[in-house]
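Reconstruct the complex from the two isolated chains, following the hints.
Spelled out from the first residue to the last, the chains are:
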Amino acid sequence: MGGVEKQRCIIDFTLSSLLRRKGKNGALLVVYTLVVFLLASVMLFTQAIRKEAAAVLADAPELVVQRIVAGRHDLIPLDYMGKIGAIRGVRAVSGRLWGYYYDPLFGANYTLVVPEEQAGGLGEIAVGQGVARSSMASEGNIMPFHTHDGRLVSLTVARVLPASTELVSSDLILLTAEDFRMLFGVPAGVATDLVVAVANPAEVPTIAAKIARLLPDTRPIARSEILRTYDAAFSWRSGILLAILAGALLAFLIFAWDKATGLSAEERREIGILKAVGWETGDVLAMKFWEGSVISLSAFLAGVVLAYLHVFVAAAPLFEPVLKGWSVLYPRFRLTPSLDFAQLAVLFFLVVVPYAVATIVPAWRAATVDPDAVMRG
Amino acid sequence: MIELLDVHKTFNQGKPNEYVALRGITLAIASCQATVLKGPSGSGKTTLLSILGGMARPSAGRIILSGREITSLPERFLTDIRRRTFGFIFQQFNLIRGISVLENVMLPAYPCGESHSLLRGRALALLELFGLAGRAATRVEWLSGGEMQRVAIARALINDPAVIVADEPTAHLDTKLSGEFLEFMARLKGEGKTIIMASHDPLVCEAGVVERVVEMRDGRVVAGGGAP
Numbered sequence: 285m286g287g288v289e290k291q292r293c294i295i296d297f298t299l300s301s302l303l304r305r306k307g308k309n310g311a312l313l314v315v316y317t318l319v320v321f322l323l324a325s326v327m328l329f330t331q332a333i334r335k336e337a338a339a340v341l342a343d344a345p346e347l348v349v350q351r352i353v354a355g356r357h358d359l360i361p362l363d364y365m366g367k368i369g370a371i372r373g374v375r376a377v378s379g380r381l382w383g384y385y386y387d388p389l390f391g392a393n394y395t396l397v398v399p400e401e402q403a404g405g406l407g408e409i410a411v412g413q414g415v416a417r418s419s420m421a422s423e424g425n426i427m428p429f430h431t432h433d434g435r436l437v438s439l440t441v442a443r444v445l446p447a448s449t450e451l452v453s454s455d456l457i458l459l460t461a462e463d464f465r466m467l468f469g470v471p472a473g474v475a476t477d478l479v480v481a482v483a484n485p486a487e488v489p490t491i492a493a494k495i496a497r498l499l500p501d502t503r504p505i506a507r508s509e510i511l512r513t514y515d516a517a518f519s520w521r522s523g524i525l526l527a528i529l530a531g532a533l534l535a536f537l538i539f540a541w542d543k544a545t546g547l548s549a550e551e552r553r554e555i556g557i558l559k560a561v562g563w564e565t566g567d568v569l570a571m572k573f574w575e576g577s578v579i580s581l582s583a584f585l586a587g588v589v590l591a592y593l594h595v596f597v598a599a600a601p602l603f604e605p606v607l608k609g610w611s612v613l614y615p616r617f618r619l620t621p622s623l624d625f626a627q628l629a630v631l632f633f634l635v636v637v638p639y640a641v642a643t644i645v646p647a648w649r650a651a652t653v654d655p656d657a658v659m660r661g
Numbered sequence: 760m761i762e763l764l765d766v767h768k769t770f771n772q773g774k775p776n777e778y779v780a781l782r783g784i785t786l787a788i789a790s791c792q793a794t795v796l797k798g799p800s801g802s803g804k805t806t807l808l809s810i811l812g813g814m815a816r817p818s819a820g821r822i823i824l825s826g827r828e829i830t831s832l833p834e835r836f837l838t839d840i841r842r843r844t845f846g847f848i849f850q851q852f853n854l855i856r857g858i859s860v861l862e863n864v865m866l867p868a869y870p871c872g873e874s875h876s877l878l879r880g881r882a883l884a885l886l887e888l889f890g891l892a893g894r895a896a897t898r899v900e901w902l903s904g905g906e907m908q909r910v911a912i913a914r915a916l917i918n919d920p921a922v923i924v925a926d927e928p929t930a931h932l933d934t935k936l937s938g939e940f941l942e943f944m945a946r947l948k949g950e951g952k953t954i955i956m957a958s959h960d961p962l963v964c965e966a967g968v969v970e971r972v973v974e975m976r977d978g979r980v981v982a983g984g985g986a987p
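Those sequence lines, one after another, are chains A and B. Residue numbering for the first sequence follows this note's numbering, starting at 285 and increasing by one per position. Residue numbering for the second sequence follows this note's numbering, starting at 760 and increasing by one per position.
Only chain B is shown next, with the shape it has when bound in the complex (with noise of 0.2 Å):
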């Protein structure tokens, strides 16, 4: 469960491009559901999404992560609950250009200090499940649409996080590959993971997949805010 309680967030505090992205939102999601974060361009959706994912700190407000509140953790044990806890698909895949597909799989668990052969075991185990086990070695620009999709999904899973956080992930996918996409979904969150997408892509909102849809505009929550 994350809870987020009366969260604020200001660009450029003070400045005169200041901005406000989040206007006092408090929103609970519950685990082992899909929720999808809908609202038009410039409604919070994304900063929301990072600071959920503990990628940013909220200028104000609170974040609960399974009772233990994260706001305010430094550096290192926020970057290390994020690391175990998430696991973050991007809108433009953001693969690491001129390494193999193996390695931007492996990249999340660097930092974790394990065993090297067990991660390429864990790396190559999951792109076998994904149907990139052939394609293992080849740098990632040489890849397709559907195959970088795939890889980033595996770079998300490769640390076993509880909840997968996508941003607008099909953005740049046809609409194949979007069902294909949500098909992925469906199955992860089958094995108990929780889902948060952020995206006004009608596929992705009315998809079986999402059992909960939170609409946002101006940096606030305008429908399905609340308790699960």
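So that you can see chain A by itself, here it is in the shape it has in the complex (with noise of 0.2 Å):
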């Protein structure tokens, strides 16, 4: 109980101590809150779009297979399809039709696909949140396009797809399968891709090289292996972030480590007249503990939650056109809340331990004088 009371009081006294150098102690609490928020967002950010992008493409095909000319993607013939619905396992396979579209009038790329489910009629057009922001475009306006041979087309848009979607659907345009081989002068007979449908999914790996060794001018692809793309792409973004946050944060670590080791003279008187009215060693250093503990957790507190704010209230206007989006199109969306307890932890460890310590090691040098220092100084 006297040990709870004891770290009780000196905790008080850090307390009074701390609020007494509020300017030096206000910006460093300023400076590390930061560091702390730009590292969580960063962490909080990138976590919550792998998790977005992973659940949006739960629902993309277990398998896909592209047809490969000189070593590109080429146009895939459809009589294929009866070949590979012939493998034992598959369950159905299905052509897709999409590509590019460049709008010289808004500069934007979007992306061209035609759905599985008929999504209108001809002439009508399905477009994401990012297409009809930047086409300024809503439900019942005619966008107009130019055909592969050169003719202007107009399609109507019929529906905008809703905004939870963005991540995958921002730059995206639906449309009929005839209108798309109008556009782009794809013939009947071929895809852009096929689809297939695997009964059990622990046997994709194995139908897919049936399908390589069955058709060698194929390339089949499996959904696993794009998650893995979308996992490095956004980890290398991330890094990309880190990267140039390095600096800021060498910058602060050389700011933090030169405020918490360097004892003022002041500082230093102190901790002499505390030695000298009857504190030990042992408790000068819980002090000087507690006082790196209270800014460090502070900023670790509020940086967290700053952070959290920030990427899942604000949706991250820091890092937008960064992480997210793709080249043209930024998408706008909010994520869903999500916490990785062991990335905090990391966190943790990485910003608040080291400069608890390190406020106690020059408090260790100062604090083992001998107290006569004050009688005699």
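Since the hints were made in silico from the structure, they are not lab data. Computed from a prediction, not measured in an experiment: that's the story for all the values here. Note that CB positions come from ideal geometry on N, CA and C, so glycine has one too. Careful: at least some of the hints might be erroneous.
[What the hints assert, rightly or not] Just some of the chain B residues that point at chain A, by a computed CB distance under 8 Å:
id, residue
1, 815
2, 835
3, 853
4, 873
5, 874
In structure tokens form, the structure reads like this:
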């Protein structure tokens, strides 16, 4: 009980002691919080966007087959479907039509996809939020397109896709197969690629190998490979951002190290007084430990809460251009809140523990001198 | 009773700036008396005071406090004895700036593990005794010299020590405040406390409260030494 009271008293003194140097400690707290905020933002954002991508891609086909000509993706004949459908374990095969369209008017790239189920009637399209924003189109408007042979055709916006799917649908335009073939001059009897449904997901690699053997000019791509690519892309992006932040982090470390390890003459004098009036070296160290803990814990908590608000409430306006979005259109959507406690623990040990330790070392050096230095000083 | 047996103190031993502050001091100080260590600057008064009070260890010799030798006790035990037995009043008061009068008074008791509310009550009672109750929440740097002195005395008394140790207590005080300080010491002695002061101020050495003056020069006792 005495030990608890003792620590309570020491914490009490530590807090009034911190309040005395409001300027210095306030500046340190602000910079510290900012660094934790940036690091935690990158961490929360990368984690959430990965989860988001994985959740959206969960509905993606298990296996896609593309035709390769001279090492490049080419249109695939629809009669390949029969050969693939005959492989044991394949549940269904269908052709997909999709491609890219550059709109010179708005300087934007769109992804055009023919959905499996008919999205609308002939001459009608459904557009993603990003397309709607960049072209200022809403339901009922007409969007002009240049066909492969130079004609200008107009398609009607029948629907704008919901914002919740914006991560993958921002630059999307859904249209009918007939409109797609007319726009790009894709003849009947070929598709962009084939989608293969497999009865048992564990057999995907085997079936992919069989397809590659049966049709040597094709390339089967499993869903897990797409997920891996997404994962790598987001890790790479967060890595780039962290590399940019590394300079700021280093500056902070130098600043914090200087503040934490350098004791001013005033602080030395105070440690001397405390020892002279009956504090042990251990009591002085406990005080310094609490001091470091109060600053670093407050900064950690404030930084993480601010990062949470930044990423999940404000939709990460600081990192949007770097971390998410496609080449031209940036999706605008709210991420599903998720916290990875293991990552938070790593962040905690990287920022809180070193600071708390750094405050103790110089105090230990000052506190081990004989208390009579105060009498003679 | 505090006894010193052949106490020596050398600073920076073995280094070019070696300095011998005390040379074989043997002295016994009786309880419930006021003793003054008198001597010019550099005579070793402050060093002897800090060794007497357990703030520094002698280079050689022994210190016996109430029949128990404390010379070679580990820091933890020595600090505990010092905290409970001695109350220190420093030459420049050594109050901690930026915190309140009340907190300054409570500081020496923090490591004792006493309940915060009890401790606060005791500190407020002491401030009341010294006429500083109304200044409890004031920061110490806003106090007058006399008030600072009384806060320093209150702080020295917070752990109810048996011995009050004061180093040049009147060095920064005018005659009126010095007189006031000596009155406080007389009151404390009346309550059964032992007072040990280092001073070369005649006002202190010749004060009525003082029973014994130990004269020092060049690290040696030259008059008033030996048994009380």
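Each hint, compared with the structure:
no., hint, verdict
1, 815, "holds (4 Å)"
2, 835, "holds (6 Å)"
3, 853, "holds (5 Å)"
4, 873, "holds (6 Å)"
5, 874, "holds (6 Å)"
Of the numbered hints given earlier, the model fails none.
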